[in-house]
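S.K.: When the letters of the sequence shown are read in order and numbered with my numbering, they come out as residues 1 to 464.
In short, the hints are calculated from the structure, not lab data.
A hint or two may mislead.
The list that follows gives simulated cross-link-like pairs (lysine-lysine, BS3-like), each with its CA atoms no further than 25 Å apart [to be verified]:
(1) K30 - K47
(2) K63 - K47
(3) K344 - K390
Pairwise CB distance ranges (calculated) [to be verified]:
(4) R122 - Q410: 27 to 33 Å
(5) V103 - H236: 20 to 26 Å
(6) A436 - E267: 31 to 37 Å
(7) A149 - S72: 26 to 32 Å
(8) A436 - S45: 40 to 46 Å
(9) D148 - E267: 35 to 41 Å
(10) T319 - E50: 49 to 55 Å
(11) G104 - P442: 39 to 45 Å
(12) G82 - N327: 43 to 49 Å
(13) L464 - K66: 16 to 22 Å
(14) P320 - E426: 19 to 25 Å
Every residue, glycine too, gets a C-beta built ideally from N, C-alpha and C.
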Amino acid sequence: MIMKKCLLAATLTAALMFAASVSAQEEKPKPQILFTNVNIFDGFSDKLAEGMSVLVEGNLIKKVAKGNIEASANATVIDGDGRTLMPGLIDGHTHLNMTTGVVGIEKMPWDEIGVRSTIMARDWLNDGFTTVRDMGGMGGRGLKRAVDAGHLIGPRIYPSGGWIGQTSGHQDFRVDSMRSMATGNIDSHTQRLGITRTADGPERVLEAARDNLFNGATQLKIMTGGGVASQNDPLHVLTMTTEEIEAAVKAARDFDTYVGTHVFSPEGIRRSLDAGVMTIEHGFFIDEETMIYLKKKGAFLVSQMTGIAPEQANNPVLTPVSLAKLNLAFKLSGNFVELVKKHKPNFVFQTDALGDFGAVAKQRAYEKYRHAELFGNFEMLKAATSTAGKMLQLTGKLNPYPEGPLGVIQEGAYADILIVDGNPIEDVTVIGAVDAWFSAPPRKAEVKTIRVIMKDGKIYKNTL
1 MIMKKCLLAA
11 TLTAALMFAA
21 SVSAQEEKPK
31 PQILFTNVNI
41 FDGFSDKLAE
51 GMSVLVEGNL
61 IKKVAKGNIE
71 ASANATVIDG
81 DGRTLMPGLI
91 DGHTHLNMTT
101 GVVGIEKMPW
111 DEIGVRSTIM
121 ARDWLNDGFT
131 TVRDMGGMGG
141 RGLKRAVDAG
151 HLIGPRIYPS
161 GGWIGQTSGH
171 QDFRVDSMRS
181 MATGNIDSHT
191 QRLGITRTAD
201 GPERVLEAAR
211 DNLFNGATQL
221 KIMTGGGVAS
231 QNDPLHVLTM
241 TTEEIEAAVK
251 AARDFDTYVG
261 THVFSPEGIR
271 RSLDAGVMTI
281 EHGFFIDEET
291 MIYLKKKGAF
301 LVSQMTGIAP
311 EQANNPVLTP
321 VSLAKLNLAF
331 KLSGNFVELV
341 KKHKPNFVFQ
351 TDALGDFGAV
361 AKQRAYEKYR
371 HAELFGNFEM
381 LKAATSTAGK
391 MLQLTGKLNP
401 YPEGPLGVIQ
411 EGAYADILIV
421 DGNPIEDVTV
431 IGAVDAWFSA
441 PPRKAEVKTI
451 RVIMKDGKIY
461 KNTL
């Protein structure tokens with residue numbers, strides 16, 4: 001009996017000691033990093049807040065104040081010396097797996113695609129992008145999970161999974177020798193890998209959408225119009241019926257998230273909005289009536305301005321078919337910039353960059369410049385920070401980063417931070433913008449004016 005009591009007492013003591021140890025670990029203070037003497041672009045104000053300090057605790061911004069902030073004795077202090085502190089950039093539409101053109105990706109082995117994607121992810125972060133929304137082509141679990149776990153260097157990733165569209169849609173990358181999906185055979189390499197998903201009819205769309213969500217998609221990407229890079233879908237074509245679009249939207253809503261769509265034409269945009277789509281990707285041919293409707297719906301317009309830049313005609317990944325469609329796109333997108341300026345929709349920055357590492361790096365640099373050139377530096381910065389962050393919140397309960405907002409410098413936001421030389425509202429080149437696409441610096445050329453890159457409270461670059 002005495003032995004049993006002793007054993008019970010020892011067990012109780014061990015349990016209490018373990019609980020105390022766990023409690024002590026939970027109460028252990030989070031590391032702090034204090035940025036002093038900085039001017040702040042907060043993501044939405046058109047003037048810098050001068051003489052500020054920002055305290056980061058763990059992975060969140062704990063305090064933003066003018067002058068000094070009291071921090072713990074063990075805090076790391078970084079003196080900004082009057083430089084600009086701003087949110088990390090957000091690319092609203094990327095394709096990390098697309099390290100070549102749509103024809104080349106059909107020929108690339110899966111392991112090479114994977115390795116090249118990790119290099120793309122690292123390059124995006126090194127260029128100041130702390131978050132990207134991968135709008136088709138990446139399954140969702142592999143690369144994102146490796147980055148989140150710290151095994152690889154890269155930005156936060158909001159993956160869409162495989163592109164969903166109809167036979168002969170923008171996602172149908174098959175070459176002529178490959179059989180139709182309707183035969184029950186999967187000849188297409190990108191179809192087998194889940195990079196693209198051809199689905200005809202509401203039931204097939206619903207199945208593809210749910211499979212993307214199973215594989216870790218945080219939102220869905222569909223195709224409701226023709227595109228430039230693909231080979232078998234004229235720009236005028238309307239792809240996916242209303243019922244097919246509604247099937248994707250239903251699947252997304254059941255998971256408390258949303259659908260974005262590739263579409264250019266006013267007819268395709270309206271069909272998509274009517275069916276419940278929340279982000280219009282590109283939308284270059286939009287007319288005024290449709291722009292008003294998009295804004296009324298509270299949807300987001302996500303557009304890459306290099307998509308309608310004359311320099312695209314020299315893009316090495318474009319085939320003769322694509323170049324012919326590109327020339328038509330130039331003619332049909334003439335009112336786009338004026339309509340955006342007039343109606344001011346929720347407008348999000350994107351690069352839609354695809355191709356080899358060097359070409360993509362140059363497109364990223366030029367997109368920063370081109371967007372600012374057309375809409376002004378402040379509008380470019382807002383589109384790549386706070387407005388993009390607002391769009392990411394559409395993922396609702398499926399949001400993989402629910403602790404705080406992204407794209408802003410404010411208390412409680414994620415500590416995704418850049419410090420740059422100069423004032424980006426006055427000079428957008430300080431964030432790496434370059435005024436000529438194909439004369440941009442080589443990919444490995446560091447953006448020297450970006451002095452600090454912090455993501456999730458961790459510093460990846462500091463040259464101060």
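S.K.: Now, for every hint given, state plainly whether the structure supports it.
M.R.: Evaluation of the provided hints:
1. Between the alpha carbons of K30 and K47 the distance comes to roughly 32 Å, so the proposed pair goes past 25 Å and is violated.
2. Of the pairs offered as hints, the one joining K63 and K47 holds, with about 20 Å between alpha carbons and a cut-off of 25 Å not exceeded.
3. Between K344 and K390 the alpha-carbon distance is near 15 Å, which keeps this suggested pair within the 25 Å criterion.
4. A beta carbon spacing of about 28 Å between R122 and Q410 agrees with the range 27 to 33 Å that was offered as a hint.
5. Between V103 and H236 the CB atoms are about 22 Å apart, so this pair conforms to the stated range of 20 to 26 Å.
6. Under the hint 31 to 37 Å, the C-beta atoms of A436 and E267, about 35 Å apart, fit the expected range.
7. Checked against the given bound of 26 to 32 Å, the beta carbons of A149 and S72, roughly 27 Å apart, stay inside it.
8. With their beta carbons about 30 Å apart, A436 and S45 fall outside the hinted range of 40 to 46 Å.
9. The hinted window of 35 to 41 Å between D148 and E267 holds, with their beta carbons roughly 40 Å apart.
10. The hinted window of 49 to 55 Å between T319 and E50 holds, with their beta carbons roughly 51 Å apart.
11. G104 and P442 have their C-beta atoms about 21 Å apart, which leaves the hinted 39 to 45 Å range violated.
12. A hinted range of 43 to 49 Å for the beta carbons of G82 and N327 is consistent with their spacing of about 47 Å.
13. A hinted range of 16 to 22 Å for the beta carbons of L464 and K66 is consistent with their spacing of about 21 Å.
14. Restraint check, P320 to E426: a C-beta distance of roughly 42 Å breaks the suggested window 19 to 25 Å.
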